[in-house]
Amino acid sequence: MKIVRIIKGVDSLLSIFNEDEGQSEFEHLFDKLTNTETLFSFFETHLHDLQNYTIDEAVNRTFDDACALEDKFYDVAENDNVQLQTIFKPLSNSQYRLSKYQRSKAYGEVRRSWLRVYAVRLESDKYIVTGGAIKLTQTMQERPHTQEQLDRLTQMRDYLIENGFEDSDIEILEV
Amino acid sequence: MTNKEKREQFLNSIEDDNGSWLKKARYRKENRAWLRKSQRIAVRILSVLKEKGMQQKELAEAMDVSPQQVSKIVKGKQNLTLETISKLEVVLGVKLFEIPVPQFEMEVERKKVQTNISKKKSIAVKTNKDLSDMYMQLWTPSDNKEVAA
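Top to bottom, those sequences are chains A and B. Just so you know, our numbering puts 167 at position 167 of the first sequence, and the rest follows in order with no gaps. Just so you know, our numbering puts 98 at position 98 of the second sequence, and the rest follows in order with no gaps.
For the record, the hints were derived by calculation from the structure and aren't laboratory data. Where is the CB? At the ideal position from N, CA and C, for every residue including glycine. You can trust all of the hints, since none of them are fake.
Listed next, the in silico SDA-like pairs over lysine to any residue satisfying Cα-Cα at most 20 Å (straight line): (1) A:Lys126 x B:Asp16; (2) B:Lys52 x A:Ile55; (3) B:Lys24 x A:Asn79; (4) B:Lys52 x A:Thr54; (5) A:Lys32 x B:Lys75; (6) B:Lys29 x A:Tyr74; (7) B:Lys52 x B:Val90; (8) B:Lys50 x A:Glu44; (9) A:Lys72 x B:Leu22; (10) B:Lys75 x A:Gln23; (11) A:Lys2 x B:Gly19; (12) A:Lys8 x B:Ser13; (13) B:Lys52 x A:Thr45; (14) B:Lys77 x A:Ala68; (15) B:Lys24 x A:Tyr74; (16) A:Lys32 x B:Ser20; (17) A:Lys2 x B:Asn12; (18) B:Lys6 x A:Asp158; (19) A:Lys32 x B:Asn31; (20) A:Lys32 x B:Trp34; (21) B:Lys37 x A:Thr54; (22) B:Lys24 x A:Asn18; (23) B:Lys24 x A:Arg5; (24) B:Lys29 x A:Ala68; (25) A:Lys32 x B:Asn79; (26) B:Lys75 x A:Asp65; (27) B:Lys23 x A:Arg5; (28) A:Lys8 x B:Gly19.
Reference listing, derived: stretches of chain B covered by chain A, where coverage requires no fewer than 3 residues with Cβ under 8 Å from a Cβ of chain A: (29) 15-22; (30) 31-41.
All chains, full assembly: derive it from the sequences and hints.
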């Protein structure tokens, strides 16, 4: 598995390299999220998961969310003061303990956004993006495209353990 | 190999990407205004093609452009010319781009028409469409004669 720095010289934002596409998963994700034809086709396939949205509205909403999300990462790239920790949140809302290899997801502008960027946090400030998805269901297991993302996260975690990292947890304090 | 050595080896294996995401993100940010319009037009085109059961290839033939050109348009990343938009509108039979009439111009037109109407006859103006219809009536050649008379 090849891992690359998305921003030259910056070790905090990393990504799996997609050999088939010849680009990082991170770059590939935003290429897809800004491609009208790709999104239109996706929402045609997942029409039954769209509640109160037409395909046109869903595509346009996705563009708006993708712009907002990409802007956040762009700010990280352009501004040293912006931390990735402010973008990523724990994957499971009910989790109280952050693993050393915490599976994380980045949200769009608002909590209700259906866009997801998935990453594994390594050490304190290294985020390895494994991919992303438009999540229209309550859980990731309900649809193949989100299940695939979940599998990737697990594979990434296993890969890190193979490479000498430990699965020990970091305890979080609660005020 | 110890775990520490494995970790070091792993971290040393991380390479710099070619930086193309950053370049693309900058481009998308700087060109967002027209890209969003291009995306909205592309969504509309795809919807109409779906409604009509028309293939992109057929659209290309009807527009007398290459299928590659249509493929680029429906991705929503093309800086479309007015000529291309007009061709698309004719072939698809729908409006893709409209210039709204500014409020100030509307007010001036409303006053002009209302003045002419009051000279001619008393007609209630209810909507902009009514206004537009009456404006057209007032400026047709036969009507001009009538107003002048």
